[in-house]
Amino acid sequence: MADAASQVLLGSGLTVLSQPLMYVKVLVQVGYEPLPPTLGRNIFGRQVYQLPGLFAYAKHIMKIDGRAGLFKGLAPRLCSGAIGTVVHSKVLQRCQEADQVEEPGSSRKESGSSLDQVIKETSQEMIARSAATLVTHPFHVITLRCMVQFIGRETKYSGVFSSFVTIYREEGILGFFAGLIPRLLGDILSLWLCNMLAYLINTYALDNEVSTMSEMKSYSQAVTGFFASMLTYPFVLVSNLMAINSCGLAGGLPPYAPAYRSWLHCWSQLHAEGNMSRGNSLFFRKVPAGKRYVWEEKRFH
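If you use this note's numbering, the sequence shown corresponds to residues 1307 to 1607, in order.
Bear in mind the hints are in silico, worked out from the structure with no lab data behind them. Each hint should be verified, as a subset may be incorrect.
Listed below are the simulated EDC-like cross-link pairs for lysine to aspartate or glutamate, each with C-alpha atoms no more than 20 Å apart in a straight line [stated by the list, open to error]:
no. : residue 1 : residue 2
1   : K1462     : D1371
2   : K1396     : E1408
3   : K1426     : E1408
4   : K1462     : E1476
5   : K1396     : D1493
6   : K1369     : E1460
7   : K1396     : E1477
8   : K1396     : E1431
9   : K1331     : E1476
10  : K1396     : E1427
11  : K1331     : D1309
12  : K1592     : E1579
13  : K1331     : D1371
14  : K1426     : E1403
15  : K1426     : D1405
16  : K1426     : D1493
Keep in mind it's a predicted model, so treat the numbers as computed, not measured.
Given these sequences and hints, build the entire structure.
Below, the structure is given as structure tokens:
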């Protein structure tokens, strides 16, 4: 219990610190670009037109809503993090206890080195993560909608409890799980890719005789985790777009955003536009295709 409490406190602190970054990222993911591109240089030094990065975007939000405006959606996100940490810890503990009951005489000496052990531990982690995601997804949906309200200056989702009532009244139970399937698929694929790639690197690419073997393995886990998250990013993007799609907010309705029939339709639309990585980077951003943006509307009028 003490370990879970410390994880909740640590996670809450990191959530507060990262909230402005996530806020900007979500607005970029839905395609909201209020600022015109500027002439800059890419990583190769070539002059190109780029969209404003994280700091310019955050400054624009502060100009309109003040510093507190960067923390919209923080309350449901904190609830999601705290509940998810507890659920993940409890489910993982039950899975490990069940495993020990099934094999009471087994030892953990080969933990992390045996393929069977890696598969077993990854399966347990997958169950725990999926359970946490399933329980906390309604809070995730509310968090995203609180943030996207910035686009149309709405106040429809102003509190956690009132947001639950609003979603249930307008969309029913299914409204709480909008975008759940691509989010679950992305989490599961990312976990398996990360762990299996780390196992292959640690087993076949690293020398067990090296004195810094444990450090090298931790580095390989971090690298494979980053690589896996890059590959599965489209699932995150599609999930977030489906969570706000046709929810009554300007950012999720035509003519600003298409009305997607399903997450597969959303995926195919983004792929056709070449926007599968939209929001993946908040620096050196090129102008995404496929829609008219705020600065273009102002210039048009």
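Here's how the hints hold up against the structure:
Pair hint K1462 plus D1371 holds up; C-alpha atoms about 17 Å apart against a cutoff of 20 Å. Of the supplied pair hints, the one linking K1396 and E1408 holds, its CA atoms being roughly 19 Å apart against a limit of 20 Å. A C-alpha spacing of about 13 Å is found between K1426 and E1408, which places the hinted pair at or below 20 Å, so the restraint holds. Our distance criterion of 20 Å between C-alpha atoms is met by K1462 and E1476, whose separation comes to about 12 Å.
The straight-line distance between the Cα atoms of K1396 and D1493 is roughly 19 Å, inside the 20 Å bound, and the hint therefore holds. Our distance criterion of 20 Å between C-alpha atoms is met by K1369 and E1460, whose separation comes to about 17 Å. Taken as a hint, the K1396 and E1477 pair is broken in the structure, with Cα atoms around 31 Å apart against an allowance of 20 Å. As the CA atoms of K1396 and E1431 are separated by approximately 11 Å, the hinted pair is consistent with the 20 Å bound.
Restraint check: the Cα-Cα separation between K1331 and E1476 comes to about 27 Å, which exceeds 20 Å; the hinted pair is violated. Among the hinted pairs, K1396 with E1427 is consistent with the structure: their alpha-carbon atoms are about 15 Å apart, no more than 20 Å. At most 20 Å may separate the alpha-carbon atoms for a hinted pair to count; K1331 and D1309 exceed this at roughly 31 Å. This hinted pair checks out: K1592 and E1579 have alpha carbons roughly 13 Å apart, not beyond 20 Å.
Under the criterion of a C-alpha separation no larger than 20 Å, the hint pairing K1331 with D1371 is consistent with the structure, at around 17 Å. In summary, the hint linking K1426 to E1403 is supported, as the alpha carbons are separated by about 13 Å, within the 20 Å threshold. As the CA atoms of K1426 and D1405 are separated by approximately 9 Å, the hinted pair is consistent with the 20 Å bound. With a C-alpha separation of about 17 Å, the suggested pair K1426 and D1493 falls inside the 20 Å cut-off, and the hint holds.
In the structure shown, a violation is registered for the earlier hints numbered 7, 9, 11, in ascending order.
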